Amino acid sequence: MSNTFNRRNFLKLSLLAGGGMLIGIGCNESNEQAAKMPVSIEDLDFTSFNAYIEMATNGMVKIYSPNPEIGQGVKTAMPMIVAEELDIPWEKVHVAQAPLSNDFNRQVAGGSQSIRQSFPGLRNAGAAVKLMFLTAAAKKWGVEVESLKASQGVISSNDGKKINYEEVITEAAKLPIPENAPLKKVEDFTLIGKAINNVDIKPIITGKPLYGVDYKEKGMKYAAVARPPFGASLKSVDDTEAKAVKGVEQVIQFKNKVAVIANSTWAAFKGKSKLNIEWGNLQDDENTDVFDQQMNQLLRKNKLEEKVKSGDVAKARNEADQIIEKTYEAPFLPHSTMEPMNFFADVTDQKIRLVGPTQVPRSSANVVAKLLDRNVEDVTVEMTRMGGGFGRRLSTDFVEDAAMVSHLAKAPIKLMYTREDDMAIGQYRPKVKYKITASIKNGQLTSYELKEAIVNNRGMNKGIARFFPFGAVDHYSATSANVPSDVTTLWWRAPITNFLGFATESFMDELAITLQKDPIDLRLELLEKAKGKKTPYNAERMQKTIQLVKEKSNWGKAEKGIYQGFSCYYSHNSYVAEVCDMEIIDGKPVAKRFYASVDCGIVINTSGAKNQIEGAILDGIGHAMYGNMELKDGIAQSQNYDKYKLIRMMDTPVIETYFVDSNEAPTGLGEPGMPPSGAAYANAYMKATGKRMLKQPFFG
Amino acid sequence: MKFDLKINKKNYSVDVEDGTPLLWVLRDELELVGTKFGCGIGECGACTVHIDGKAERSCQQMVELVEGKEITTIEGLSENGDHPIQEAWETIDVPQCGYCQSGQMMTASALLMKNPSPSNQEIRMAMNGNICRCASYNRIEKAVALAAEKIK
Chain Y
4 MSNTFNRRNF LKLSLLAGGG MLIGIGCNES NEQAAKMPVS IEDLDFTSFN
54 AYIEMATNGM VKIYSPNPEI GQGVKTAMPM IVAEELDIPW EKVHVAQAPL
104 SNDFNRQVAG GSQSIRQSFP GLRNAGAAVK LMFLTAAAKK WGVEVESLKA
154 SQGVISSNDG KKINYEEVIT EAAKLPIPEN APLKKVEDFT LIGKAINNVD
204 IKPIITGKPL YGVDYKEKGM KYAAVARPPF GASLKSVDDT EAKAVKGVEQ
254 VIQFKNKVAV IANSTWAAFK GKSKLNIEWG NLQDDENTDV FDQQMNQLLR
304 KNKLEEKVKS GDVAKARNEA DQIIEKTYEA PFLPHSTMEP MNFFADVTDQ
354 KIRLVGPTQV PRSSANVVAK LLDRNVEDVT VEMTRMGGGF GRRLSTDFVE
404 DAAMVSHLAK APIKLMYTRE DDMAIGQYRP KVKYKITASI KNGQLTSYEL
454 KEAIVNNRGM NKGIARFFPF GAVDHYSATS ANVPSDVTTL WWRAPITNFL
504 GFATESFMDE LAITLQKDPI DLRLELLEKA KGKKTPYNAE RMQKTIQLVK
554 EKSNWGKAEK GIYQGFSCYY SHNSYVAEVC DMEIIDGKPV AKRFYASVDC
604 GIVINTSGAK NQIEGAILDG IGHAMYGNME LKDGIAQSQN YDKYKLIRMM
654 DTPVIETYFV DSNEAPTGLG EPGMPPSGAA YANAYMKATG KRMLKQPFFG
Chain E
3 MKFDLKINKK NYSVDVEDGT PLLWVLRDEL ELVGTKFGCG IGECGACTVH
53 IDGKAERSCQ QMVELVEGKE ITTIEGLSEN GDHPIQEAWE TIDVPQCGYC
103 QSGQMMTASA LLMKNPSPSN QEIRMAMNGN ICRCASYNRI EKAVALAAEK
153 IK
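So the protein lines, in turn, are chains Y and E.
Here the numbering used here is used: the first residue of the first sequence is 4, the next is one more, and so on.
Here the numbering used here is used: the first residue of the second sequence is 3, the next is one more, and so on.
Just so you know, not all the hints are guaranteed correct.
Residues on chain Y that point at chain E, a partial pick, calculated with CB under 7 Å [stated by the list, open to error]: (1) F49; (2) S339; (3) N614; (4) N643.
No lab work stands behind these hints: they were computed from the structure.
As the structure is a prediction and not an experimental result, all values here were calculated from the model.
Beta carbons are placed, not taken as given, at the ideal position from N, Cα and C, and that holds for glycine.
Build the full structure now, drawing on both the sequences and the hints.
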């Protein structure tokens, strides 16, 4: 970290260079706390301490949140960590989104890693500035810094003197930034662990500009881009009708795409719809049923690519009393972020400005520099709040298109996807199947064999291949087979585990039924065997998490007419156990309630954390129930929400979330609630109806 | 073509092609960007506004057909962000990504105008047309019930 980074100057410069941003101004600033302050944020003179912290003479503190905010809550939680160590009242904090900067590590929203990986850095940033204030006060009073204490923005001495941070701003800001400033003890945290509102709550509920789609500059044009179906190419385009649409200014071909540039979003969309395009080279093997056949064939083979092997699975099979084998299937899924892909790009000879929703600002800068053969130092990236990410914005395809169109059109442009653009040519969750075979001897699980067939090699790595029940069974193997495809596929919320969790935990339920054991007891027993083994998960933490949900859900003692399903999963460094309560209403099984217990170490923001678990469970069962993308000749068969069902309120159970009390370092929560949810639902469904769900979507 | 619109109790004159959806007039011409684009076919509810007091999908309302009508967007729901629905959303800390929430709040506030004390089932039915991809549904449901409680 360096204190040469002066955010205020940066802002001033970018405002000038932007030729007068209109509603872009304030796009990334949170107004919640600002509203409580007597003066406007813009009127305050802030002094910069490090890349994260600025303070005004009235005691107002601006904290820059480094990572992209996609709804996972880091724009609230990350500054909370800084504020905790800086030790200031949260009411005095104004949060702003930081742009891409070398001052920060890992400005990425992905893998539920923001909190886990940045926790130490965020603490250090706050603690260092606290120490600067203490040092300045010590100099002023001529005492040893060790003799002073600071709390909630007030420094106090042994003899009862008090001074506010803001009274020593000038002196403190001149000091070098200390390394290894002392950190608080976990038990002394006063802000971490509280329920703090989303920092953008005010602009969200009043409709202020916040998102990429809201960003606008004077002179900006709107672009809509027609892109080929998977594997296809542009054969011919007649743009006569498109150009006749009022407001359409240019039609530009690049690669296999056609961009319509207009003076409004509507004109760009309308112009694009009037393009007369013939796509060539349509791929007649890019069909859902073809993939199904290929996957089934691969899963019948003995030899797939080995990921993990321990013991001798074949021998255990030969000696088994009983073999259980099941295959679980999942379709392609689009990400369906509510805010469709969009990005602002202004490519000039001097520099490239990119503004918009990306989970990967660093990669965005790098790929655009490469694409246009420019120095990456000439590229700036500002992140807007995002209307969902779920992994879609880990791809830079739309950022590249925005930059290319701006470059070719020689104008600042905003690329906008229609919902059809977004859904039909996305970066799907890969279609996947798992075949699980288990051997049972003398009432014990003796071998476990996991086979995966997945599109585009996006399957389990060696770490995920070692998830439960690896370690709990003597003979274990995990293998994988690839099905190559032209369908663009990518990480989708809880990659791999979003369906592997379902397969594993559905199979565990099946196993419990076969062994005539309580499903929770079976997991606890198996986890007992995994203790002391080298596994990515900690068996004891998982057991504790299970115990908590067992108690909270009244497991095994539910009222008559309530059918309970259990599931638990470790993923993204967090432990989640879930119980689904199902009832039969008007002859139909209905999920009424979910109990979730979570071990994510220290919980930073309990409101945000619970929100993530509630959302992940409903999102998880929603996609398991309804999500389905079929393909024919590389063409998406669902292109909008009239033909693609997402969960709605009528289908939602009530979620109760409980956290395991912990002083362990915090882990992430954007994803871990999802992997166990589908199986908890399916296992309750089995109890309620006797029918086993093996294939997603369950309905429709 | 020129159209005269009454939005949030203010009069606007806009020059757009007929057939332009109200959504894009709000967003691109009037910079009222609180109303969000989600699907463009009236399925997701992100673009919900009030037209003569009823919740409508602004992506399905052509500009020429809303002339002379009372249009309210999220920006006009209250003067200071203190409509009972907005206050309830804040108390419950509803949003995750937040993108769909203005549409959710416009649907919810229209419900409460028509039915100030909805049952849980009535809340669920009224809100069923609005998708939240983050699935903050539990909190939306609670917030609507809380707002109804407040206006009693």
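Hint-by-hint comparison with the structure:
no.: 1; hint: F49; result: violated (25 Å)
no.: 2; hint: S339; result: holds (6 Å)
no.: 3; hint: N614; result: holds (6 Å)
no.: 4; hint: N643; result: holds (5 Å)
Hint 1 alone, counting from the list given before, is not met by this structure.
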